[in-house]
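Asks: Make a model of the complete structure from these sequences and hints.
Protein chains in written order, with the working numbering: chain A, 65 to 430; chain B, 65 to 430; chain C, 65 to 430; chain D, 65 to 430.
This list has only true hints and no planted wrong ones.
Given that identical chains are not distinguished, each listed pair holds provided it fits within a single copy or across any two copies.
Straight-line C-alpha distance at most 25 Å; calculated PhoX-like pairs for lysine-lysine:
no. : residue 1 : residue 2
1   : Lys253    : Lys263
2   : Lys378    : Lys333
3   : Lys163    : Lys379
4   : Lys370    : Lys263
5   : Lys241    : Lys253
6   : Lys333    : Lys373
7   : Lys378    : Lys139
8   : Lys333    : Lys379
9   : Lys263    : Lys373
10  : Lys333    : Lys163
11  : Lys139    : Lys163
12  : Lys373    : Lys163
13  : Lys163    : Lys378
I should point out that these hints are in silico values taken from the structure, not numbers from a laboratory.
Protein chains: 4
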Amino acid sequence: MAGNTFGRLFRVTTFGESHGRGVGAVVDGVPPGIPLPVEYIQRELDRRRPGQSAVTSRRREPDTVQILSGLFEGKTTGTPLMLFIANEEYRSSDYENLKDIYRPGHADYTYEMKYGLRDWRGSGRSSGRETAARVAAGAVAGRILELSGVEVVGYTLEIGGVRAEAVHPVRTESVEKNAVRSPDEERAKEMIRRIEEAKAAGDSLGGIVEVVVRGVPAGAGDPVFDKLEALMAHAVMSIGGVRGFEIGAGFGSARMTGSHFNDSFIVEKGNIRSETNNAGGVLGGIATGEDILFRAAVRPPASIGKEQKTVNRKKESAAVRIGGRHDPCIVPRIVPVVEAMARIVLLDCMLVQKAQKPGGIDTESG
Amino acid sequence: MAGNTFGRLFRVTTFGESHGRGVGAVVDGVPPGIPLPVEYIQRELDRRRPGQSAVTSRRREPDTVQILSGLFEGKTTGTPLMLFIANEEYRSSDYENLKDIYRPGHADYTYEMKYGLRDWRGSGRSSGRETAARVAAGAVAGRILELSGVEVVGYTLEIGGVRAEAVHPVRTESVEKNAVRSPDEERAKEMIRRIEEAKAAGDSLGGIVEVVVRGVPAGAGDPVFDKLEALMAHAVMSIGGVRGFEIGAGFGSARMTGSHFNDSFIVEKGNIRSETNNAGGVLGGIATGEDILFRAAVRPPASIGKEQKTVNRKKESAAVRIGGRHDPCIVPRIVPVVEAMARIVLLDCMLVQKAQKPGGIDTESG
Amino acid sequence: MAGNTFGRLFRVTTFGESHGRGVGAVVDGVPPGIPLPVEYIQRELDRRRPGQSAVTSRRREPDTVQILSGLFEGKTTGTPLMLFIANEEYRSSDYENLKDIYRPGHADYTYEMKYGLRDWRGSGRSSGRETAARVAAGAVAGRILELSGVEVVGYTLEIGGVRAEAVHPVRTESVEKNAVRSPDEERAKEMIRRIEEAKAAGDSLGGIVEVVVRGVPAGAGDPVFDKLEALMAHAVMSIGGVRGFEIGAGFGSARMTGSHFNDSFIVEKGNIRSETNNAGGVLGGIATGEDILFRAAVRPPASIGKEQKTVNRKKESAAVRIGGRHDPCIVPRIVPVVEAMARIVLLDCMLVQKAQKPGGIDTESG
Amino acid sequence: MAGNTFGRLFRVTTFGESHGRGVGAVVDGVPPGIPLPVEYIQRELDRRRPGQSAVTSRRREPDTVQILSGLFEGKTTGTPLMLFIANEEYRSSDYENLKDIYRPGHADYTYEMKYGLRDWRGSGRSSGRETAARVAAGAVAGRILELSGVEVVGYTLEIGGVRAEAVHPVRTESVEKNAVRSPDEERAKEMIRRIEEAKAAGDSLGGIVEVVVRGVPAGAGDPVFDKLEALMAHAVMSIGGVRGFEIGAGFGSARMTGSHFNDSFIVEKGNIRSETNNAGGVLGGIATGEDILFRAAVRPPASIGKEQKTVNRKKESAAVRIGGRHDPCIVPRIVPVVEAMARIVLLDCMLVQKAQKPGGIDTESG
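Replies: See the structure below:
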């Protein structure tokens, strides 16, 4: 209700500020009996953490996750997993000079309008650091999806106007080969160049993330208000910096005719399939069994070295330059965050569908 | 949980099928003591109903709303409003020949995969008729917002590739002047021409709806998972046919630099304002006090007269032409639906903020 | 959030006032493909309606239910069921003289404190008539439970201090043999006598309802906050007039020792069973597989013919006698309401358990 | 959904097992700007912890709470509070011999039926240790209520059949004077004697906790399903060991007549009051402004030294004696837990009422 919980049957509640004691998530509704090595979660966090490459922030945050509850003898017990990531760097002094200033593009002003006060150390709760908790929780969902054969692959489609020609099917392995997480090796080099230029200019760049999901069975997803794409849009648009979401043909469908947009059904090896996939894997909010394909638009980071005009708490004009080790482009590091949110949504939909499947309830114990 | 409820403190639950007894909504969490004439709701429904102009379906559905509970002496009582819209046309015989066919672009196949059966009369629950309940519920929210000075104006930005040059500020009056609900009179004529061409060809067109919201105070909206734009994306993407959502600069922000994207704060007449509004009225998920501006991409309608290839329930190839009086372009009629969902989200956020405002709770009775 | 919705996966939203157009429920999360004759629901409503016997109100409310959505060819479709019960008697003139008076034991005063106004016609939303919607929704749950072999039997244990010696196992058939719904024929006569005496004196009586549930499998129910007995207490205590709830040995367990209270586990025909059932069928909030047994204390109805002292809206002293055809004892008519709420809770718990069962998710379509 | 979250606007999510790394709570929806010293929370935990007196378990668990998020410069920020209580004793070896045995009165069997496995170290998630998280979260609610003038006082009404003659008004100070937390000094001595006898016999005792709430304004609480007493029953019945709940006259009302049960309204010093308070401070689910008074029945603890008959996982008969330092009576330590749950419910109801108060929404920023 206050915004820190997401999901229905698989439910994630996060907490923590960028310069407090740490960030984390309580993950409830985890199916029991699932082997869950902590390394599995750590691996995803490592993909999100700063300092992983030349194009990301040079802050060193090891982001080590601890599982403080819900696991017994290496398996989930069905009770809540508590995932905690301690903050190791506390240089809140970096922020002393910003505490009375409303940084452009940041949530300083709105948090103060909402709450009457704000934790000004490093953006507090509105920091991108909050997404570490999402990634940890998403890894739990990912583990269960993976065991069920569902694969979620995110990658950079575009940075600073340079667009990848993604050669489908994109696999995680090919994505991880370069610092920008783009499956197009050539364009990746160009993207990196653009990021370096922006960084040198004290500026920042945006881009587009694309995600493909394979293996979600037809029938998952709900009607009306909780259509799969609506939940996915909610999940993805809730990531700081995401400004747009589209599924399948997306905004492009606005310029198509119905005869081109509609995906014909065909029978292939005895299964009903779609000949094309403009729908992006959902019809009426429910999975068709085809790949689910969506994109998220990511704005350039708000923290830039260039001088910007703004005001302070006393409503006086002010100029601000954001020092520190900020990301000139958040796209490569947001890829695992978008994947995480997608996994949370998909597992939740599949659990809801497990409950609602035809056949009623069963009365066998256990 | 099963998808038919939306909202937190202002909560809408809808029901009904296109060819059942009717559709409707239970609206809970309505502030008490609000004068609510039934005509106010009816006026919004009239904007959505088919048959209102030459470019929409010629079906005649008067869509008369009845308020069956929650109103006393013309005012809301704080108890649930039950809004019911009886179905008057029951020509389910139109659909007899489609009952074993999976129409391309429709939810026939996915509903059957999900539920094991489907109400094949006119798309059942997945019909666009379901949105009448949204519009009715949204009108209730709109009434309360209007009394508080919050204005929500939706309009057609683009149809079939023809884009309006919207002259801001757009007002409802100018939007209602033409059949496509576009504030650009010249382009509206061109849009109408395109729709007529598509219709003649047995085809359909998509487009883009834009919404501007004025008067939401800074501080409304929530952090992390329930950011205002995330709830709005959820709401808008849950409307059948919407394939993309973007706020402020949206997908365009992916190609901007931070120094151009960031909106500088300034002081104007003693108030803190944003010099530009690339953020679309939200920072960190919370309203800045500027206009909230978002867009929704609408695909071309699935029901077209042209012959399409598909399969039937026996997994045999089939050809299908959808007869009947379908909309060649749903954009003009979806405008009030998008507005309705926006109003539901905004009122909900403002009620949540009312509860969470600094100052704790008060202990005065009543 | 505003109090008119109950349940998680099986979710009931009710609406309506005693002297408005009608009352009803939207039931969401109904498993698809269940044959549901309207007569099945009507039968339960007939057990609740006034005028069914000499000891209940003589008001004639036929309480005919209509299913306005969610059913197709006699089966549930998985989409929301809308159950509507029109009000047929509108004698709100009966209440004109009470509109400025706060009746003792009624919610007149508190509704006005909460909402700033109230629908004074026959108690409005706080009327017992609201429970008709619960019974209708509970019948839907009951239908599904019945098909799964789960049986819920409620009966009158005590009225006006006369306590039945219930001969277990109690079956619905034996309960329906007398006007007070008590399985003890002899005591039932005495209960009826007491009710008639109270009625003649312009007074009213309370009592206790007991419910036994058979066939819930071990494992249903949730830990911590959503223990089966906690959800059941919530559900049952939400019925107007219920003032206490206990499960198994209940308040009696406060005077037992651990060695007597603990139910020993035994093996019977290869199954683990409890030798006694002081726990009432739940341990740690989760069903043991034994009968679930609980009791609800019901206060005497507030509407009595005797003169009572009170105040009016102007804070002046006043005297009030409640005329009209009120129940001198609500216990016999509350039995089906308690059963209904029990069924809603149990089906909900079983659906949640269906989703959370070990074995993860499956990826087969449909 | 999986049972570990409670509340609507003030929402508590708990986690942790008795012999894992710790237990804790994420508290969301905390009003911002509230001074919250950690000592305030610690004080409540000290009232719950074992080893505090001769009649409780001699286990030494310091139960030190840490606030890991949501606090800045000593004040709440409106973002989630993370309260963590590390487990210091890990003697899970105590439980090795019990890991294949289903202890009578414990949740061993039901957890295994539900989840397919269980954390057998010290009852795992079903341990009473879970309630430490409730007490910590409840202290946060208590802090806010206290600042608003709402007081919640719980005390032991009965232990082992010895009933206190509580001299109202009961205050926390008088309750804390003795080891059993009973306001009746004389009977407290007798209660202590009974507990010592039970302990010596390797047995345990139950009892009754009573709670009085002062200062909740008329109008708090919701109608129909979320009546204040229904939420309270849910909250209190969710505490392990509570077997019954009653409000006001409770089960006693079943034997009253309406003319005695109904509380007459009177005017006192210009305010509308109830002459008696059989209703226990609520009518129609909404607070009357009178004291809210309720009772909870607490069963004798399941862990006793006496030999008990049971079965093991192989369905073989077994005998079990529970060694270790268990409470012979949990009533004195459950008092702060019941208070905590009451505070959570009350604050939640008051926040919901803050949102829903007549007067609509306001559009002032901040």
